[in-house]
Amino acid sequence: MNNFNLKKNILEKAALCRHFEQNVYEYVKKKIIKIPVYLSSGQEFIPSTLSEIILNNLKIKPLIFAQHRCHATYLSFGGDITALIKELLGKKDGCSYGMGGSASIHSPKINMYGHDGHMGTQVPIGIGACFSSGKPTIVFLGDAAAEEDYVVGSLGWASTKNLPILFIVEDNNLSILTKKKVRRNWDIHKLAKSLNLNGLNITDSSDEIIKHKSLFFKKPTLLNINTNRLFWHSGAGKDSDKTFDRYDFEIKKMGNIGKEIDLKIKKKIDNLWKKQLEKQ
Amino acid sequence: MEKTVRETIKEIVRKHLKKHKGLTFGQCLTAVGWVGGTLPELYEKDGMIELPMADVSNGGIVVGAGLMKKRPIYVIRYQGFNWYNCPMIINYACKSKELWKIPCPIFVRGVGMEGGIGPVAGSSHHSLYYRMPGVKIASPMTPKEYSSVYNKFMKDDNVYYVSEHRKSYDNKKELKDVLDHKNLDIIIFAISITRFESYKAKEKLKKQGIKVGVVNLLWLKPLKIEEKWIKFLRRSKFGGIVIDDDYENGISKSIANDLNLKSGKQVHTMGLKDKTAGFFKTVDNLPPADDEICKKIIKIIKKK
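Here the protein sequences come in this chain order: A and B. Counting from 1, one number per residue, gives the positions in the first sequence under this note's numbering. Counting from 1, one number per residue, gives the positions in the second sequence under this note's numbering.
You may find that some hints are simply not true.
Said to hold, decoys possible - Okay, the calculated beta carbon distance ranges per label pair:
(1) A:D80 / B:L223: 36 to 42 Å
(2) A:D80 / B:K69: 19 to 25 Å
(3) B:K19 / A:S214: 37 to 43 Å
(4) B:S148 / A:K61: 37 to 43 Å
(5) A:K61 / B:C28: 34 to 40 Å
(6) A:T203 / B:E50: 36 to 42 Å
Keep in mind that the hints were calculated from the coordinates and are not lab data. In this text, a Cβ means the ideal position worked out from N, Cα and C, and glycines have one as well.
In isolation and in its complexed conformation, chain A is listed as follows (with noise of 0.2 Å):
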């Protein structure tokens, strides 16, 4: 695939997210979604980037285990996007069979495992699921998940068993509102390199991350992606207006075809919402 190509389907992914995401702020705004909602926006080229390469550049289906804030990671690697809607609405041919909500959405079709709702949680499970089955593995976690006892424990563990590994993590320097320095005055990258994993703190810019590609699923891995989060912790509302805005960005870098793939998924999306919420 040429390099145009990849990032086209890059930001088609990214499209999908975002105006996904701009669905579910406005049901939220408009109280037809009832439940605690943990919007993507903002970090949707993490997710867009990782599943374009794995899946269809590596042509390997790994086991994804994530936490909340995943719609983007769900939505990215295949996850069916009417189960989604489904999901948020409550009802029971959603994903998670109106169970999981926002935060525990999970997907058979992709190899997605669902979340208990206790951050962090999903590294240890994800790393027994992976030596258990000798699968590759990606697990998503946030910058303060990073921080539970049990991740620091069982990376070791991942690192010990040379697994076939590759842990995210979405560092948008929140916890809630509490950022990283009043919190911790360690980095997870260096604590990763340190437990004789890879280690490595980048952006989340598409090309940065696809320059790791090679140590994907080759010897446990552990890539620190700073990003940001546009929108609140949970919930539909703006920390700030200042915040950069990486898809806003990249839209503006593609040019005119940037502009006909938003408007392109945004239509297709939009009309699946108003779709599904007919039928309320």
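Start from chain A and add chain B according to the hints.
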């Protein structure tokens, strides 16, 4: 030749790894002792997996193996260690089937023991699991009971908490309920290691003219209350008493309540005292011994 509980468990673990290609996880499994001789001398290549000393993480690693349909056996060498080992088992594995229709069967071997092992390690802690949905709890004390629990697990897709006790490992005998008088004075419903002491107490009280029945509670959850127990309870003079190796404010009170509601008879409880165990005899917190059980029953009878 009859097998001991120890030999039965060892054989089951061997079969689980060799025949069923399952996994057994735990800390310090392959060290001296092999968990009281209940493990065959097998290693990682055979599926005997040594975990690090990261108790909370380890529970999660085992959950991951459960999701991959490996039916892991998880050995927790002291039941008190469950406080750090069980969080992801009870919050993820026990709920996974209901939330996502993805079963996560795990056979948790919680090993109970007491006597000079201090405030955390000692005794049984099955009550920790009891309140959570999606878990089955048994406390086998005989070879046949242990085999039946394992066989049931292999046909099931739930989490099993198996509350073992080291003092039962040498036992070869099966334990039968003793409801040998139409009108008993009181019926003991005994759990875990207290089952052995309950028989002794029954014999001691018999010499004093007190007629005591003994019911063995193998399955704690789901608790299947037999109609026969209720009949005997209703006909008894002083009701029943549930005796446990866990704190009294746990399973024993829940079961006593269930029996009370079904029979209309008072059902008392006895278990570990509401105090922290120290390392010395004078400050330990041990399960009720035969003489203590006798004393408690005499007290109940005298009160009436």
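Unsatisfied constraints (hint numbers, rising): Of the numbered hints given earlier, the structure breaks none, since each of them holds.
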